[in-house]
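With these hints in hand, go ahead and build the complete structure from the sequences.
Protein sequence lines correspond, in order, to chains A and B. For what it's worth, this note's numbering labels the leading residue of the first sequence as 23, then goes sequentially. For what it's worth, this note's numbering labels the leading residue of the second sequence as 23, then goes sequentially.
Calculated from the structure, these hints are not laboratory results. Predicted, not measured: the structure shown is a model, and the values here were computed from it. Each residue gets a CB set at the ideal place from its N, CA and C atoms; glycine is no exception. Some hints could be false.
Derived CB-CB ranges, DEER-like [claimed, not checked]:
1) A:Asp125 x B:Arg37: 33 to 39 Å
2) B:Ala157 x A:Ala209: 16 to 22 Å
3) B:Glu76 x A:Ala43: 34 to 40 Å
4) B:Arg135 x A:Gly138: 28 to 34 Å
5) B:Arg100 x A:Gly158: 35 to 41 Å
6) B:Met23 x A:Gly249: 45 to 51 Å
7) B:Glu76 x A:Ser233: 43 to 49 Å
8) A:Glu69 x B:Ala209: 33 to 39 Å
9) A:Asp166 x B:Pro55: 51 to 57 Å
10) B:Arg37 x A:Ala43: 39 to 45 Å
11) B:Gly249 x A:Ala248: 55 to 61 Å
12) A:Gly138 x B:Glu44: 52 to 58 Å
13) B:Arg181 x A:Gly158: 40 to 46 Å
14) A:Gly138 x B:His230: 27 to 33 Å
Computed far set for chain B versus chain A, every beta-carbon distance over 10 Å [claimed, not checked]:
15) Glu69
16) Asp163
17) Gly180
18) Val188
19) Leu208
20) Arg213
21) Pro235
2 protein chains.
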Amino acid sequence: MIELVGLDGDDTLWRNEEWFAEVHQAFHGLLDPYVPAGLDPVGALNEVERRNLELFGYGVKGFTLSMIETAIEVSGGRVSAGEIQRLIELGRTLLARPVELLDGVVETVDALRDAGFRLVIVTKGDLVHQETKVAGSGLADKFDGVEIVSEKDPPTYGRVLSRYGVAAERFVMVGNSVRSDVLPVLAVGARAVHIPSAVTWVHEIADHDGSVPTLASIRELPDWLAGNSPTSR
Amino acid sequence: MIELVGLDGDDTLWRNEEWFAEVHQAFHGLLDPYVPAGLDPVGALNEVERRNLELFGYGVKGFTLSMIETAIEVSGGRVSAGEIQRLIELGRTLLARPVELLDGVVETVDALRDAGFRLVIVTKGDLVHQETKVAGSGLADKFDGVEIVSEKDPPTYGRVLSRYGVAAERFVMVGNSVRSDVLPVLAVGARAVHIPSAVTWVHEIADHDGSVPTLASIRELPDWLAGNSPTSR
Numbered sequence: 023m024i025e026l027v028g029l030d031g032d033d034t035l036w037r038n039e040e041w042f043a044e045v046h047q048a049f050h051g052l053l054d055p056y057v058p059a060g061l062d063p064v065g066a067l068n069e070v071e072r073r074n075l076e077l078f079g080y081g082v083k084g085f086t087l088s089m090i091e092t093a094i095e096v097s098g099g100r101v102s103a104g105e106i107q108r109l110i111e112l113g114r115t116l117l118a119r120p121v122e123l124l125d126g127v128v129e130t131v132d133a134l135r136d137a138g139f140r141l142v143i144v145t146k147g148d149l150v151h152q153e154t155k156v157a158g159s160g161l162a163d164k165f166d167g168v169e170i171v172s173e174k175d176p177p178t179y180g181r182v183l184s185r186y187g188v189a190a191e192r193f194v195m196v197g198n199s200v201r202s203d204v205l206p207v208l209a210v211g212a213r214a215v216h217i218p219s220a221v222t223w224v225h226e227i228a229d230h231d232g233s234v235p236t237l238a239s240i241r242e243l244p245d246w247l248a249g250n251s252p253t254s255r
Numbered sequence: 023m024i025e026l027v028g029l030d031g032d033d034t035l036w037r038n039e040e041w042f043a044e045v046h047q048a049f050h051g052l053l054d055p056y057v058p059a060g061l062d063p064v065g066a067l068n069e070v071e072r073r074n075l076e077l078f079g080y081g082v083k084g085f086t087l088s089m090i091e092t093a094i095e096v097s098g099g100r101v102s103a104g105e106i107q108r109l110i111e112l113g114r115t116l117l118a119r120p121v122e123l124l125d126g127v128v129e130t131v132d133a134l135r136d137a138g139f140r141l142v143i144v145t146k147g148d149l150v151h152q153e154t155k156v157a158g159s160g161l162a163d164k165f166d167g168v169e170i171v172s173e174k175d176p177p178t179y180g181r182v183l184s185r186y187g188v189a190a191e192r193f194v195m196v197g198n199s200v201r202s203d204v205l206p207v208l209a210v211g212a213r214a215v216h217i218p219s220a221v222t223w224v225h226e227i228a229d230h231d232g233s234v235p236t237l238a239s240i241r242e243l244p245d246w247l248a249g250n251s252p253t254s255r
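Here it is, written out as structure tokens:
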């Protein structure tokens, strides 16, 4: 019997990775004159991001610093101050971008509330930016809480369960990332539902063994949960 | 009767602003060849930080992006890619710097616990960096919770009180910033103790009317609270 439903933010409730894909394209174009044929600036950026993740964490600010570092590295220091300013502007565009909810989100969240589930957003990234997105989503009042976390690992989910006073078997996490929204949730004995997104960030790619419920759209979630609704007891 | 004691992190539990002062000095030295006589690069940086605060929030990553923007602006685009990389390294140094607790912190925290107070760290800045500092402080196990927040305003303190189930009159916040640790706490009807630090960040400077208890050292806190101890009821 599920009591608390956790919903991921980026690429589960609202668009995110598509905006990064646009910035990747701009980054590629900007660096193109500086890199030898065959070197992919975006591949180099992914490597720099990976190297910086522990110190910078997730989010646009660290991503922007990684873009600048990568630009300096792959250009052999030839990138200009004006081009670096352009990279900061790209980061600023990501931070200032209005929230666009994904299809079916509002109806689904309302249906889950009506069915009596407690709802929590569990999202990772820069604190201010995630708070801004939650506020801009218009969804905050429909949720019992918002947990902005630095990493989605088993201890993090353990803390969420303890904070909401819910046993693991009464929690389900719903999200697009197998690495962040599925595997660590299963590790604490809770359940997970995978809703793949159109684009998945390279650092989030992981597989599950096929036994995890996978939905084509968040619209299918109320039906999937119907047998687990608190009001159907 | 105080039940829950909130303690600020940066410059209340551990050194922080001193490290920024060192970076300011390095920033000044790096920009010196580029700026007209009379222009203070650090003053310009403060302005850029202020402009960026809403979008970037508090913390080292936003600060580093602001340093880069300022360097490009005040140098008229003449700063080199290598110098910008040096600014990123300065940011990285701040992020990687081991935590140094301020004098008397461990003894005071232990004394407050022994006196029966519940303790919570309330700190603002980048999520990952603040979590790393809490972990590096060795203090986490002594606290009942850690609240990393994006802004210390009255709604934030309201949420902390609600999360810990404490009435405003049973909460006291202790910190070095009048703007963040005192005024918004008084605004929600709770109490505040000001412990001024050696260096205060320009964006934290504010005054109180003199009626707020002000201690010269955190070591004075247990005595100040003695009349309010849960065990002295």
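Hint check results:
no., hint, result
1, A:Asp125 x B:Arg37: 33 to 39 Å, "49 Å, violated"
2, B:Ala157 x A:Ala209: 16 to 22 Å, "21 Å, holds"
3, B:Glu76 x A:Ala43: 34 to 40 Å, "26 Å, violated"
4, B:Arg135 x A:Gly138: 28 to 34 Å, "40 Å, violated"
5, B:Arg100 x A:Gly158: 35 to 41 Å, "38 Å, holds"
6, B:Met23 x A:Gly249: 45 to 51 Å, "49 Å, holds"
7, B:Glu76 x A:Ser233: 43 to 49 Å, "45 Å, holds"
8, A:Glu69 x B:Ala209: 33 to 39 Å, "47 Å, violated"
9, A:Asp166 x B:Pro55: 51 to 57 Å, "56 Å, holds"
10, B:Arg37 x A:Ala43: 39 to 45 Å, "41 Å, holds"
11, B:Gly249 x A:Ala248: 55 to 61 Å, "57 Å, holds"
12, A:Gly138 x B:Glu44: 52 to 58 Å, "55 Å, holds"
13, B:Arg181 x A:Gly158: 40 to 46 Å, "19 Å, violated"
14, A:Gly138 x B:His230: 27 to 33 Å, "47 Å, violated"
15, Glu69, "16 Å, holds"
16, Asp163, "14 Å, holds"
17, Gly180, "15 Å, holds"
18, Val188, "16 Å, holds"
19, Leu208, "24 Å, holds"
20, Arg213, "26 Å, holds"
21, Pro235, "30 Å, holds"
Hints 1, 3, 4, 8, 13, 14 from the earlier list are contradicted by this structure; the remaining hints agree with it.
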